[in-house]
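Participant: Here are the chains, one letter per residue:
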Amino acid sequence: MQRVAGKILVNSRPWRPLGTCSRLLQLEPPRSSFSTATPSDSSSNNNDTQQQQQQSQQQSTHFGFQDVRLEDKEHMVRGVFDSVAESYDVMNDLMSAGIHRVWKDTFVACTRVESLAKAIRCNAEELTILDVAGGTGDIAFRMVDAMGCEERAKSSGRDPVSVTVCDINTEMLRVGQRRARERYGAALLDETQALSFQEGNAQSLTQLEDNSFDLYTIAFGLRNVTDVDAALREARRVLKPGGRFMCLEFSHLPHPVLQSLYDVYSFNVIPTLGEAVANDRASYQYLVESIRKFSDQETLVKRMTEAGMEGARYTNLTGGIVAIHEGWKPLE
Amino acid sequence: MQRLLTVATSRRVAHRRLHDGDRLLAVRASALFQRERVVYPTRVGNNGIRLFSSNVHPNSTGTSSGNYQSNQWDPNTTALSNIRTAILKSSLQEVHHHGWTEDALAAGTAAVKQQHGDKKISMSVVGLLSVDDLIAFCMDQWNIQLKQDLFELRHQKQSTSEKDEEKENITSNKDPLERGIQTRLQYLIPYLQSQRWHEGMALGIRGPTNALQTQRQLQEMIEIIIATSNNHPELGTTEKMALGAVYVATELHLLTDTSPQYRDTWAFLSQRMNDWRRLTLLPAGTGTSNSSSSSDTLFVATAVASSLAGGLVSLITTNPSQAFGLPAAVWSSLFHNPQANSWGTNEVSLGAIKDGTHPSDYESQKRGSKS
Numbered sequence: 001m002q003r004v005a006g007k008i009l010v011n012s013r014p015w016r017p018l019g020t021c022s023r024l025l026q027l028e029p030p031r032s033s034f035s036t037a038t039p040s041d042s043s044s045n046n047n048d049t050q051q052q053q054q055q056s057q058q059q060s061t062h063f064g065f066q067d068v069r070l071e072d073k074e075h076m077v078r079g080v081f082d083s084v085a086e087s088y089d090v091m092n093d094l095m096s097a098g099i100h101r102v103w104k105d106t107f108v109a110c111t112r113v114e115s116l117a118k119a120i121r122c123n124a125e126e127l128t129i130l131d132v133a134g135g136t137g138d139i140a141f142r143m144v145d146a147m148g149c150e151e152r153a154k155s156s157g158r159d160p161v162s163v164t165v166c167d168i169n170t171e172m173l174r175v176g177q178r179r180a181r182e183r184y185g186a187a188l189l190d191e192t193q194a195l196s197f198q199e200g201n202a203q204s205l206t207q208l209e210d211n212s213f214d215l216y217t218i219a220f221g222l223r224n225v226t227d228v229d230a231a232l233r234e235a236r237r238v239l240k241p242g243g244r245f246m247c248l249e250f251s252h253l254p255h256p257v258l259q260s261l262y263d264v265y266s267f268n269v270i271p272t273l274g275e276a277v278a279n280d281r282a283s284y285q286y287l288v289e290s291i292r293k294f295s296d297q298e299t300l301v302k303r304m305t306e307a308g309m310e311g312a313r314y315t316n317l318t319g320g321i322v323a324i325h326e327g328w329k330p331l332e
Numbered sequence: 001m002q003r004l005l006t007v008a009t010s011r012r013v014a015h016r017r018l019h020d021g022d023r024l025l026a027v028r029a030s031a032l033f034q035r036e037r038v039v040y041p042t043r044v045g046n047n048g049i050r051l052f053s054s055n056v057h058p059n060s061t062g063t064s065s066g067n068y069q070s071n072q073w074d075p076n077t078t079a080l081s082n083i084r085t086a087i088l089k090s091s092l093q094e095v096h097h098h099g100w101t102e103d104a105l106a107a108g109t110a111a112v113k114q115q116h117g118d119k120k121i122s123m124s125v126v127g128l129l130s131v132d133d134l135i136a137f138c139m140d141q142w143n144i145q146l147k148q149d150l151f152e153l154r155h156q157k158q159s160t161s162e163k164d165e166e167k168e169n170i171t172s173n174k175d176p177l178e179r180g181i182q183t184r185l186q187y188l189i190p191y192l193q194s195q196r197w198h199e200g201m202a203l204g205i206r207g208p209t210n211a212l213q214t215q216r217q218l219q220e221m222i223e224i225i226i227a228t229s230n231n232h233p234e235l236g237t238t239e240k241m242a243l244g245a246v247y248v249a250t251e252l253h254l255l256t257d258t259s260p261q262y263r264d265t266w267a268f269l270s271q272r273m274n275d276w277r278r279l280t281l282l283p284a285g286t287g288t289s290n291s292s293s294s295s296d297t298l299f300v301a302t303a304v305a306s307s308l309a310g311g312l313v314s315l316i317t318t319n320p321s322q323a324f325g326l327p328a329a330v331w332s333s334l335f336h337n338p339q340a341n342s343w344g345t346n347e348v349s350l351g352a353i354k355d356g357t358h359p360s361d362y363e364s365q366k367r368g369s370k371s
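Line by line, the protein sequences give chains A and B.
332 is the number that the UniProt record's numbering gives the last residue of the first sequence; the numbers go up by one with no jumps.
371 is the number that the UniProt record's numbering gives the last residue of the second sequence; the numbers go up by one with no jumps.
Errors might be hidden in some of the hints.
Quick list of in silico lysine to any residue cross-link-like pairs, SDA-like style, CA-CA up to 20 Å [to be verified]:
#	chain 1	residue 1	chain 2	residue 2
1	A	Lys-118	A	Gln-193
2	B	Lys-89	A	Leu-331
3	B	Lys-147	B	Ser-259
4	B	Lys-120	A	Val-175
In short, the hints are calculated from the structure, not lab data.
Can you build the whole structure from these sequences, using the hints too?
Facilitator: Below is the structure:
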């Protein structure tokens, strides 16, 4: 259902079908399988057993309800999105009854890019936005529209406002670029350079300089990153002091009854829809499972804080089915 | 079923925890979406009410939006908190041009960046703040300023000689409570002149959280006025409520006052204060209560209704078209675009409310006033 941000691998390995709804009700993911080890994990312990455990933790991560080898996850996720790319938008609409559009509109409204762009253009400043895992341009196009970049493109010169779309998946980027040209022509991409597309790994944005972006957005992509903590640290690195990190991601309903109802829907309806519409049940089964395996609201706030962000907080949408997390890079 | 349950929950919560960044969307979709937000902690008193402004450092932001929950980030101890305060102060200057909007906050942030001469600070830091924070900060600042101004006035009066005092009484024979209210109302004048204060009023009562916060700040203001009056009158809750009603009524009157130096408003205030003293049995100028036990509902209703009715009658008789435009403008501000609606000095109708964010919105008013 969503986009991916991981490392590009040329070859995709086959992967087997995933678990069922009953597994969800029985299993809660072990915390250790959620994240890769941090440097501190291996620096101060000489006990062989603990080292073995740590190595085991380092080498495994989750892929839906499966524990897989760390190096396998990225191309497995890539396989999912290669598989669903053609039916991506249709499935999003079907699975969410169109509500994903409102979530994205709300997310972009929360970025306040419209008022920021006005102030930027009046004060000869620059506003640089990085939309990670934004291959098809859903979020970027909304921001470009909100900031009036198309109107600005009628004037000559480079737009002081720019959105860089970054995605691991070249196919998604290709779709996004094609849509951008269909939507805006060449003006934004070539003349004002208000919109650009880059291939990149959320965990290692090596092509981007430190302190170079005002706003970092990632919508429905963070949970697919293999090392979420590394991606958060990288987000902090590329943000300017006072820059804002914003994440739109599926989350957890706080009420257990609602969560159970939601589980019944998502584990039965979504894979069935995937099978009927996209002829790909397994991919949509993974997407549902990956939502359950991802951090809940409070945990993600904690991880953001640990990554060095200040003022981390979240806003639930639709009762917590999705949440907007935000945090700021501290001033130096 | 899940959707129905979500709808039921969201309707209870949507207006309670509205995020500033999605006003329009959230209003449109509030029936569907529950928005629950973790926000920064702020200093609160033991009773859960924000500390009285005298205990708040002048540099504190006094943010007031949302429900405060535990959070690891303390906005009062970081560099970001300092810049928040600077942005809020700067944004208040931008309100005259942009209204009580996110545009004002963004422009204020840009101004702070230019003042600091630091291009490396991101404009996105403005996301820390909402327009609700802006109005709350403004009223907090006014309470702090009011306390300083009234203490200075009191100190000046005490230091004058008897002869000077006699002279002062001749030139300025005002009840200290009345003087306090007038001093506070004078802070509004720049925003009245830029036709932005009605937006601020609408924002201050938008949603229960803002309304409660505004009520607390007005309560603080009354306490400051009483505490800094000469005789420290022992007023009961009902008398304070009635005094607050006098303030609100006079503020309503002030909105439409076009008399030189706002003389009509100050005369209106004197009349309301006379009514208030008559109801509370206070001799003029003494500030000493003879009815500390008067707490019956009838008294409160009479005092409050008297003052507010006076304000509304004054509004209607001064400028009927404007008076009838008030509910429309406030309604529109509250439920559609809380920051930008305005009703003009000379023309308002339900179907012709302008967003008030462009100079052209006021051209007809200027033409009208010239003619």
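Participant: Taking the hints in turn, state whether each one holds.
Facilitator: Now the hints, each set against the structure:
no.	hint	in the structure
1	Lys-118(A) - Gln-193(A)	holds, 18 Å
2	Lys-89(B) - Leu-331(A)	holds, 19 Å
3	Lys-147(B) - Ser-259(B)	violated, 28 Å
4	Lys-120(B) - Val-175(A)	violated, 34 Å
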